[in-house]
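**Q** Listed here are the chains, written in short residue letters.
Protein chains: 4
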Amino acid sequence: MAKIRMGMIGGGRGAFIGAVHRIAAAIDQQIELVCGAFSSDPQRSKDSGSDLYLPEDRCYGTFEEMMEKELALPESERMQFVAIVTPNHVHFPAAKAALEAGFHVMCDKPVTLNKAEAIELKSIIEKSGKLFGLTHTYSGYPMVKQARHMAASGMLGEIRKVVVEYPQGWLADAIDTEGQKQAAWRTDPEKSGAAGCMGDIGTHAENLAEEISGLHVDELAADLTAFVPGRRLDDDGNVLLRFEGGAKGILMASQIAVGEENNLNIRVWGSDGGLEWHQKEPNTLLFKPKDQPAQVYRTGNEYCCDEAKAATRTPAAHPEGYLEAFANLYLNFSKHIRAVEAGEEPCSVALDYPKIDDGIRGMAFIDAVVGSSAKNAAWTKIEA
Amino acid sequence: MAKIRMGMIGGGRGAFIGAVHRIAAAIDQQIELVCGAFSSDPQRSKDSGSDLYLPEDRCYGTFEEMMEKELALPESERMQFVAIVTPNHVHFPAAKAALEAGFHVMCDKPVTLNKAEAIELKSIIEKSGKLFGLTHTYSGYPMVKQARHMAASGMLGEIRKVVVEYPQGWLADAIDTEGQKQAAWRTDPEKSGAAGCMGDIGTHAENLAEEISGLHVDELAADLTAFVPGRRLDDDGNVLLRFEGGAKGILMASQIAVGEENNLNIRVWGSDGGLEWHQKEPNTLLFKPKDQPAQVYRTGNEYCCDEAKAATRTPAAHPEGYLEAFANLYLNFSKHIRAVEAGEEPCSVALDYPKIDDGIRGMAFIDAVVGSSAKNAAWTKIEA
Amino acid sequence: MAKIRMGMIGGGRGAFIGAVHRIAAAIDQQIELVCGAFSSDPQRSKDSGSDLYLPEDRCYGTFEEMMEKELALPESERMQFVAIVTPNHVHFPAAKAALEAGFHVMCDKPVTLNKAEAIELKSIIEKSGKLFGLTHTYSGYPMVKQARHMAASGMLGEIRKVVVEYPQGWLADAIDTEGQKQAAWRTDPEKSGAAGCMGDIGTHAENLAEEISGLHVDELAADLTAFVPGRRLDDDGNVLLRFEGGAKGILMASQIAVGEENNLNIRVWGSDGGLEWHQKEPNTLLFKPKDQPAQVYRTGNEYCCDEAKAATRTPAAHPEGYLEAFANLYLNFSKHIRAVEAGEEPCSVALDYPKIDDGIRGMAFIDAVVGSSAKNAAWTKIEA
Amino acid sequence: MAKIRMGMIGGGRGAFIGAVHRIAAAIDQQIELVCGAFSSDPQRSKDSGSDLYLPEDRCYGTFEEMMEKELALPESERMQFVAIVTPNHVHFPAAKAALEAGFHVMCDKPVTLNKAEAIELKSIIEKSGKLFGLTHTYSGYPMVKQARHMAASGMLGEIRKVVVEYPQGWLADAIDTEGQKQAAWRTDPEKSGAAGCMGDIGTHAENLAEEISGLHVDELAADLTAFVPGRRLDDDGNVLLRFEGGAKGILMASQIAVGEENNLNIRVWGSDGGLEWHQKEPNTLLFKPKDQPAQVYRTGNEYCCDEAKAATRTPAAHPEGYLEAFANLYLNFSKHIRAVEAGEEPCSVALDYPKIDDGIRGMAFIDAVVGSSAKNAAWTKIEA
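Residue numbers (numbering that gives the first Met the number 0), protein chains in the order written: chain A, 0 to 383; chain B, 0 to 383; chain C, 0 to 383; chain D, 0 to 383.
Next up, chain A with everything else stripped away, as it sits in the complex:
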């Protein structure tokens, strides 16, 4: 037995999320980085690979070259999947190339530049017979799995209300025009897509709300704003939600909420109880049963559900965080790859990671919020 071999597209020197993916893939020691097309500048790609102790001949200048050269290697050496960690506009062509070359794909979110690409990607995946994972990181937290379990098992009764928020403050000033690379591409419609804040983090909030509640948003009314003068995409948005089945809700995302770091949080209320989770203290989940004292669920305890336990490496109050949540996606994805390559039925944990349908919903959400906001917050269906 050997580790699963990963190649990476994007994530060269100076990138942010590429390093996160590499750590996430490394934590559980099930995956080995064997090659990369880290940059469209071949020398930069080689330099980036050198930083990672990769041999020069497996640091490619383009993802096309990567596919070709890797396919030329013996099966036991060549990469088994690629991680795509580029700006959004490269997701689709890179994923298409990898899947058609016969490689599994783990892709950063939002899945593509627009919904049409996402739908096309789904048919490419299906044709390829390969696996496709999407890094909606926050679904990897044990307490998100616990919350999902509690909602699904009826502990909340009938769900009536969902409030999900994702405020950040790092784009409160015009740093996107002052050379901050992360900010620049996220506020550029060519690279980011139709939405700014809503695409970058609003989709995480939408994914979290649907993942935990088990409900799909049916329609929404969105009021998006670009507060920073000259910015071309929204940096803030307030959205009313109506779920299938009658639950109501609010989704708020902002990148101009000064003083907020990365304050994703969610509250769900049903007829029998409520739930509350804050990503900045992710190992705690508050459960509020009707007429009883609230209960403080904590990761690493025997009373947690199986999916939460499988996503936990340490005893209670040895806190795990963002990188471990991210790693849980890679861990389950690697289990799925192993099962598939061994011709075995994957266990349920091996299937517990976001996939193309989550990506399509995310793109449909972006279309809906942008469309609604353009019509002065008219109610707009999520068409996914």
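FYI, nobody ran anything at the bench for these hints, they're computed from the structure. Among the hints, erroneous ones may be present.
The list makes no distinction among identical chains, and a pair is therefore deemed to hold if it is satisfied within one copy or across any two copies.
[Said to hold, decoys possible] Calculated cross-link-like contacts (lysine to any residue; reagent style SDA-like; alpha-carbon spacing at most 25 Å):
(1) 279 / 314
(2) 2 / 52
(3) 308 / 294
(4) 95 / 184
(5) 180 / 40
(6) 289 / 227
(7) 374 / 217
(8) 95 / 342
(9) 2 / 18
(10) 121 / 289
(11) 279 / 295
(12) 180 / 297
(13) 129 / 288
(14) 95 / 119
Predicted, not measured: the structure shown is a model, and the values here were computed from it.
Chain A is already provided as a structure; the job is to place chains B, C and D on it using the hints.
**A** Same frame as chain A, but now just chains B, C and D:
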């Protein structure tokens, strides 16, 4: 010198808010309860007064009787103001009677049953030359005053976003039809007005948002729901806000949020900093200056603003709460009465309590949310 | 029926705790302040009384005069009990005078200047047949009563460990020598007694630990320090505790813990569960049952014990605080007076306030910590 | 350039801390596990290595065999350091063997079974010229480094008081006699040493207190207890501390504090400010400057000190936790190895990990608490 003499309309045995008003008036020992029309049932009024150690002859069966009999007393004995603590539909006639009889009025909120009454009440107040206070309790908290001060003094920069929430869970079941008196009148349009949850607590949220931000809501889009089958008024609502000057926001209020007690909270973000306050831990105010560690402001410290200090009785971490916040309204109102009766200019603290204009805005807010929701959350101006 | 009539000894202009006692007595409108010996300076006493709207002829220059003149009044007018709110050294003579004159007494803590006085006071009380209450404020909090109830009813199993802390920071500098009156007397052995910090706040911590656990401290080892140069009494102390029955513990009190406001807190652990309470957020009590999620008990809920409910005026999350906790002592004391004066058996709530035996234990605690520290933290019994 | 090659002693199937070390070493992708003596049972060692995708011929049955066989490999293949993750009694012989064979050593804590071994180990290290790291994990947290920086740079003024606590509850019952392997060796003097709770977690608390304050404990008075009947080593302890220079303090550690998970926390107070840090929410550090609002320092912000920044991989509020803190020790250790092997001067970050002197202090601390407790909490010097 003597204490200010108060009469009370409503608040007999079994009432909730009347007892709160009496405690609030008693705390600072500036006000003495001297009479009451505690119930429309004369015997019940007398029994209620007896519980309060009042002489039988000053416990009246109607507020009309109260006005007449009190006016017949020597000026040094008769009440100087009335506190109106009845269900909403009695506010207007009682206030009208008192003002026209020459008494100052402290009134529970929402100020009247509808906006027309509120506007008429304003002209009655002006004609009477008497004082009128409205018990938007939460504005009485020292840290709300501190927040208002910090926003007004520019510490947040230009305000961009306001999120105010008021979730409760006590009406999650149909207790209004099962004999719970507090629930019954609040869900009855005849006694409560056009809105349920939005009138009862949504108006507090609206008042808090405008009080702290110093901005008026210009228009809103509201999605109100009655989740409990058969309920005639909203028990939940999600509202998009647009403020004059371009700030955006969200107002959420609910009485079906199971597990929430009385969780009023507000966050304000400006171009230079953010603020966060939670009523359930009211002595703490979080200030989040840009790019600096957040600062934990606490009541009872030298660094607080003058209005906050004037609203604080104890040293830091000798917590004060809801009753003291309520008392601050009465304390400032009593100072205003003293100044007026002495023919003196009131100090600024004596003017620091909610008045009829806050009440009119509250009624206009109710009209707007109910009107917007009836039109599927169409944008609707607050006409106040 | 009429309100209970209270006189006050001490608490003139500029005093701190006198105003707190008056508020506490006023909140529930069961008690009326009718007279006072607010200061040993007769004019200052009259001026202080005038601030409180008292007639000049019931503002006395000495407590001896107060006893004499009040006794000369008709029984239906004269005060029924005195509240003693002076510095510590006056507690004993004032209480003695009042009891021997036939008045009930509510006294601030620590009860006397030393243990001998406390023991003598106990026999004076017994001889007088009058009631004596001691304002260990913190025992008045609903969640302290809830904690006591949960420990007593076996929810913690056998208690093994108690950690009680009372850090403050206000004496971190030599303000006692710079004209701060509150600081000056507290650091003066003539007025404060043998201990400084340990007498002022350490006794509160000791009282809380014994009240909640239901266990008496058997012996202790104390390391007291005066950190501020020139200070004559301890301003900090760390104490090991051994309880009767084998539980162990720690008591820490400090007045030089910079940045701490009034951070009294306690944790109790038994064989089956733990408890945690923080005075600065007093309406929350954390219960930690073994192998289960922790439970967040909150005041104002149906699931609270009867004593906690009787000590609560508002619904959940309408926070009550320090003044209401203080008021609970006065409320129960007033019920006890009513019962006694009516010749009735008091209900259990009417007996739920600290009494002379709590005071004697406090003095014995002071003797023990001071004695232990003088012997380099030798184990020392609490002899009460 | 290549990754640093690590061998492991201990940490076979079913072990806890071995897996943690492997994750910690993997996170930053600077270290590669190449061999192990995972168990004294050769087959179990091979099976354990197989789980980790290691070749069979580098899974050894004893650490002696490991040294011999690794030395026989070409220098570019053989391990460069060993991680020792066995129960305590094996630390010394394994470390001695590795150092004398010319390998660097990263060792779990407490460093040895007793102080004599620790002192002997120091001379072995010095003779070997090899590096020795000790995994006092908690010193690896960014906010611990920030706290250390703030204390060292004078932001607290003169330090007066340190309270460090480490309550856990997992040994509240006699699970050590019921087959729980982790519990069994920790409560066995042959394998754990002279102390139970104090060795296992008390040493972490001692290390943290000295690391942050920059002060050495001079003497202490300890009251240790074995609450669970039949247990041979302490499962709880309360300790008074006196630091060099006059600061005082408390150290509390417990493994019978039911409901506590792993609640290491520390508070430090100086003449100008205080600090507070809780391991269960490790990315937050509270700074309490005198007479100012408390400040909430958070990892991942520009205002953090350089050492904290170097120990942080993610932006603010992408929480890092225990595994990353652990990884920071390995990361800095790997930098030190690289510098030494390249013949270069290590940067200051490369030196920022606990070493043998921390280990000796830990053993001296154990001797002192055990010795003090045996003499009924007599003051006892820490002789290190």
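**Q** Next step is simple, just say for each hint if it's right about the structure.
**A** Hints, verified against the model:
no., hint, verdict
1, 279 / 314, "both (19 Å within a copy, 12 Å between copies)"
2, 2 / 52, "both (17 Å within a copy, 7 Å between copies)"
3, 308 / 294, "both (18 Å within a copy, 21 Å between copies)"
4, 95 / 184, "within (22 Å within a copy, 54 Å between copies)"
5, 180 / 40, "within (16 Å within a copy, 54 Å between copies)"
6, 289 / 227, "between (43 Å within a copy, 15 Å between copies)"
7, 374 / 217, "both (18 Å within a copy, 19 Å between copies)"
8, 95 / 342, "within (24 Å within a copy, 48 Å between copies)"
9, 2 / 18, "both (19 Å within a copy, 17 Å between copies)"
10, 121 / 289, "neither (42 Å within a copy, 42 Å between copies)"
11, 279 / 295, "both (16 Å within a copy, 14 Å between copies)"
12, 180 / 297, "between (37 Å within a copy, 24 Å between copies)"
13, 129 / 288, "neither (43 Å within a copy, 47 Å between copies)"
14, 95 / 119, "within (9 Å within a copy, 62 Å between copies)"
Hints 10 and 13 from the list above are not met by this structure, while the remaining hints are.
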